[in-house]
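The listed protein sequences correspond, in order, to chains A and B.
Numbering of the first sequence is given in this note's numbering, commencing with residue 1 and proceeding in unit increments.
Numbering of the second sequence is given in this note's numbering, commencing with residue 414 and proceeding in unit increments.
Do not take every clue at face value.
Keeping only pairs whose Cα atoms sit at most 27 Å apart, straight-line, the calculated DSSO-like set for lysine-lysine is [unchecked claim]:
hint : chain 1 : residue 1 : chain 2 : residue 2
1    : B       : Lys676    : B       : Lys786
2    : B       : Lys960    : B       : Lys479
3    : A       : Lys116    : B       : Lys700
4    : B       : Lys1100   : A       : Lys116
5    : A       : Lys348    : A       : Lys320
6    : B       : Lys739    : B       : Lys676
7    : A       : Lys413    : A       : Lys205
8    : B       : Lys1122   : B       : Lys437
9    : B       : Lys716    : B       : Lys676
10   : B       : Lys550    : B       : Lys461
11   : A       : Lys116    : B       : Lys1149
12   : A       : Lys397    : B       : Lys1088
13   : B       : Lys1122   : B       : Lys1050
14   : B       : Lys581    : B       : Lys550
15   : B       : Lys1050   : B       : Lys461
16   : B       : Lys716    : A       : Lys116
17   : A       : Lys413    : B       : Lys479
18   : B       : Lys676    : B       : Lys1170
No wet-lab data here; the hints were simulated from the structure.
All figures in this text were calculated on a predicted structure; none of them were measured in a lab.
In case you want the letters, here they are:
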Amino acid sequence: MKLSTTSKLAGLFVASALFGLTSCDKNDEPSGGGGNGKTVFHVAADVADPEGDATVFMLPTTNIVDTTLTFINNGYQMEGVRSARVTAAAGKVYNLNYGTGQIHELEYDGRNSYNKIQTVDLSNWVGEYPRFAAVSDNYLLAHNVLSQPSDDQRSVTITLQIVKVGIPGLVFNAETDYVEHVLGTYNIGDDYVYRIDAPVINGNKVYYGTGYRKVGEPDVEDTPRPDELATLVLEWPSLDNPQVTTTPASIGDTYGFRGTAMFVHENYVYQVNMTTDGSDAVITRLDADGNYDLNYEFNIRNVLGRSVGSVHFHHVGEGKGYIALEDISLGAEVEDRYEMAYFDVNTKSIEILSEVPKSNMFYYQSGAMEEGVFNIAVSPSTENAYIWQFEGTTTEKGAQLDGGNIFVQGIYK
Amino acid sequence: MIPRILLLINILILSTSLANAQNKTNVSGRVIDAQSNKGIPFCTILLKDLKKGGYTDENGHFTLPKVPVGDHELVVTHTGHSSYSKKISVPESGIINLVISLSESEIKLNEVLVVGESEKTQMEKQGFASKRIDTEKVTIQSVELNTLLDQTSGINVRQEGGLGSRTKYSINGLGGNAVRIFIDGVPMEYYGASYSINSLPVNLIESMEVYKGVVPVTLGSDALGGAINIKTKNAKKNSLDLSYSVGSFNTHQVALNGSHRNKKNGFTFRGSMFYNYADNNYEVWGKDVTVSDPNNGRVSEVKARRFNDGYEAYGTKMDIGFTDVKWADQFFISMVYSDMYKEVQHGATMNVPFGERYYTQGNLVPSISYQKKDFVTKGLDVSLFSSYAMNTRTLVDTTKNKYNWHGDVETQRPVGGEMGAPVHSTTDEGTFINRFNASYTINDNNILNLSGIITDYRRTGFNREAGLGEDTSNDYQNIFKSVMGLSYSNTAWDGKLRTNVFAKQYSYTVDALYHTYSGGEYHPVPKQSNDTNYGYGVATSYDLTEKFTLQLSAEQAVRLPMPDEIFGNGAENGISNLDLNPEVSNNLNLGLRYGEIYIGDHALTFSTTFFHRNVNDMIQRSVDTKGEYFFYENFPKVLSKGVDLQIDYDYNRKFYFTFSGSYNDTRYNNKYTSKGEIDHLYRARLKNLPYLQFNTNMRYDMTELIKSKGQLQVYWNMRYVHEYYRYWYHIGSDNKDVIPTQFVNDIGASYRFPENKLAISLDIKNIFNEQVFDNFAIQQPGRGFYFKVSYSVF
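The shape of chain A in the complex, shown without the other chains (with noise of 0.2 Å):
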């Protein structure tokens, strides 16, 4: 039989389409994955380049065990003017524009990648930097702080800037889910709070970890440092009657720098702070009324008789997690100085894992529990990275990931 060209070119069009269905996809999942009742996980990435940009990318999969997830040629490039947030809840991926003030939705689309569903432009409200968190599957916070100083820059006016939307649909009316507190005008010598981040709701409370500063001389070679510890609360859901408590536990900032500084447990709400110059790493609590359980002493520098480093950690429940602590021994010079621990605020507890190799996690930002078993990303600067299964004190290797410049920042559910 005599086949006409247009007749070849058809046929080799409908074998490429059946090829195309039937081949694997880059995951080597098959197609509609995830829709077989397996969990699907996002996982995040930033790429760092010579210039300093940091692109993030994020890749759906249902298998960070045993296979190898690579973000060459692979990955849906999130949204960001400066840069791109990124979170999860309730099954949906949300991704603020850092640099516009607009957030995202994104779903799944059952295969590779996702599909944009909503927008939403806080900038009106909370300007284009905002940052922002999800405080439950139907509540996403993003928030800002003002600091105006006065013209002698001997005091600094400090005005809170907080949006309520709702999720799914990203759903904001700016009536009733806005609010702006000054929480007043700070001179020379007092202790005032400049940035919020991480709030986690306890009750009918929110609580949001600080960077807490003291105004200082003008002088921009320094910035002091406060003798505290400091959380910032507000009622919930209303976000009125802001209150900032202290406690004397150590020195530091509280907001985890863009992971999770606190978890409730017990309706006590517990926090990490973030050390700075050699301060003491301290997990503390604040009660349901917003105050600091100054009965409660958790000081992982006495547990394990040595200095460390601390920015955020990873409630798995039940008081348990997991943070990552820097050996502040090493130097700043050196790349890799966080190693993982598995603690417990019940016990006051916390036990090294000494097979995790140490790695830079101050830039970490999430893990995923998965039927008991803590997933994270360790991405060592001149060694293989790969995502780790923590269950308790037992770790076992999973996904290997691209490492070197590429950074798995979070694994998202």
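Got chain A sorted already, so can you dock chain B onto it with the hints?
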């Protein structure tokens, strides 16, 4: 869109066919010596009115094919003989036995019409990978210099918006500060944006020379990726030309250019002025142009006009002195003054519109220049230039208003500044620029050349919005730069082999004073550094045949850091890095040029260059660990290779067609990051860099169609730039920031009235109103209409 293009092609071809439907015949004959009656070989035969010609063969015979029937002016020239000029009437049967007798010439060379290799051809055959862009054909059009550059093979020009917007140039894959721009051989960066390629109208420019990778010492500067030298009009006769262009987006451009020379004493005055204005209020749309609902933040895309993108620039240049006198070929005392105002519509993308941010820049540049051939002794040519450039920049961004894309104030920011902190900064720069060039012609085949540029740059600046402890009014930053070059040019093998070897010395000294503030007082922090580097290279060309030239050039090129790279730019959160090293690149070009060849009425020139660039210590912008400040550091290695080509064709000197294309494979070449990590960007195509581009330019002279003594031309330009990614190619697969493929078409027509006094043109740019992007998420102007009138007073 494709059918529209095909329609245009058809119209053009049809026009061409119509134009050639008239009777044509051959003109042939012989040129002989009046005394010996022997044929004279290689005489130039020109039908002056048609600008069409040829050469005599070894026996003095010639044939000019397809000459239109009718009256023509025939000009015959040959070195050593008097020129011959006569009106001839060509019948339908043609002329087959024309005999022209030339007498040996008396020494009246200034009356001889020499038709040989043009300056453009000579330059392009020197061995350097170079192109010369003559503005003669387009000077009556509403065209910008950037457009002409962009149409040249190997060059990419990216603009951030409409007229007056910031522009980036790259040559063969290397861009930014690796490409240096000169005006009449003087580095242009010291003049500021108000007197730049962006602002100078085409009427004031004679030509632009583009050197790719390897730059001759006569342009004594530290260009690493290449150089563009703009040559201003240099008339020595009395002239006065005026042009005015008006167009879409409230665009107005005025240019005035004149000169006067007193033949008796050589006194010469040259002056030029320009004025540019544009609202740049063109429409933009897409996912980056949105407004949000004031009640619920819901986002909707809109089609909006830019409302804070206005541009105004004006300037003048005056030269007073003497030309062609005994003691100088040229001596001028000159002054450049220019000023500009530019509004800023948005930041790095269009997402957040600004309503009030703007900057101004102005300069005043007095200078003195001297040129003399055979200075003191025969064969020694000197050229000297000295100036002091005073430059002031101001950036204003203090408003608390927050605008949306409708141009409305949505809300108030608690703190001023649309791009971060409030800024009202003024930066003053002063630069001594000294340039010298001395060449000594040892004999017909050997020339030595010594060139140098010595600059002493000083910058001061302050921000009126600066807080206590941030006052910089007592700071200063100095850079003393010296770039010296020595070259030797040799011509051998009957002029077929041309070689230029050269060496350059680059040195600089940095001297800066900063202050810290503590205890209620400012404390001085002086900083100094210096460095010296060397470069060398060779450029050679060989004529395999009269029309076929091979070219090879190689250079170890050095680029010294620019002031903003060393000292930072406080207004834009840039901090200093005085330890910055120069960039070094090993550049190699291999080129060939074939042409101009004639096949009947067809003339064709083909040129291509293969290039290789290996850059080390590239100066790259970095961000501090907090992401708040940027600075420059030496780090990456970059390897670039590729090819560019250009084809110039004309038919019967009526239809001109130019095609240029370039492809560069420019890749990041570091295996490890500065932290010692595996760098997954190794061997990745450089981000945010176009790599495939084509341009075509068609021009048709329709003068014969309209039976007029004036000159009517139509043209059509096409520009194609293949899509490229804002970030790295092989990272990620979906929703990536992409600068989409561009395919832009411009058409126009110009008519020069008889006697060459008055000319008009109508230009339509981006005729299909395509959404065009040179940079990610920054839309270029849509369709625009421009009308221009040019008048030569005398």
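Each hint, compared with the structure:
1. Using a Cα cut-off of 27 Å, the hinted pair lysine 676 of chain B and lysine 786 of chain B holds, with the two alpha carbons roughly 19 Å apart.
2. Taken as a hint, the lysine 960 of chain B and lysine 479 of chain B pair is honoured in the structure, with Cα atoms around 23 Å apart against an allowance of 27 Å.
3. Of the supplied pair hints, the one linking lysine 116 of chain A and lysine 700 of chain B holds, its CA atoms being roughly 12 Å apart against a limit of 27 Å.
4. About 25 Å separates the Cα atoms of lysine 1100 of chain B and lysine 116 of chain A, which keeps this hinted pair within 27 Å; it holds.
5. This hinted pair checks out: lysine 348 of chain A and lysine 320 of chain A have alpha carbons roughly 10 Å apart, not beyond 27 Å.
6. Note on lysine 739 of chain B and lysine 676 of chain B: the hinted pairing holds, with a Cα-Cα distance of about 13 Å set against a maximum of 27 Å.
7. For the given pair, lysine 413 of chain A sits about 25 Å from lysine 205 of chain A by alpha-carbon distance, which is consistent with the 27 Å threshold.
8. For the proposed pair lysine 1122 of chain B and lysine 437 of chain B, the alpha carbon gap of about 20 Å is at most 27 Å, so the pair holds.
9. Proximity of lysine 716 of chain B to lysine 676 of chain B is assessed by CA-CA distance (about 60 Å); at most 27 Å being required, the pair is judged violated.
10. With a CA separation close to 17 Å, the supplied pair lysine 550 of chain B and lysine 461 of chain B stays within the 27 Å bound.
11. Taken as a hint, the lysine 116 of chain A and lysine 1149 of chain B pair is honoured in the structure, with Cα atoms around 13 Å apart against an allowance of 27 Å.
12. Distance restraint check for lysine 397 of chain A and lysine 1088 of chain B: the Cα-Cα separation of roughly 24 Å lies within the 27 Å cut-off, and the hinted pair is therefore satisfied.
13. Note on lysine 1122 of chain B and lysine 1050 of chain B: the hinted pairing is violated, with a Cα-Cα distance of about 58 Å set against a maximum of 27 Å.
14. The straight-line distance between the Cα atoms of lysine 581 of chain B and lysine 550 of chain B is roughly 25 Å, inside the 27 Å bound, and the hint therefore holds.
15. Between the alpha carbons of lysine 1050 of chain B and lysine 461 of chain B the distance comes to roughly 54 Å, so the proposed pair goes past 27 Å and is violated.
16. With a C-alpha separation of about 21 Å, the suggested pairing of lysine 716 of chain B with lysine 116 of chain A holds against the 27 Å cut-off.
17. Using a Cα cut-off of 27 Å, the hinted pair lysine 413 of chain A and lysine 479 of chain B is violated, with the two alpha carbons roughly 78 Å apart.
18. About 23 Å separates the Cα atoms of lysine 676 of chain B and lysine 1170 of chain B, which keeps this hinted pair within 27 Å; it holds.
The earlier numbered hints that this structure contradicts are 9, 13, 15, 17.
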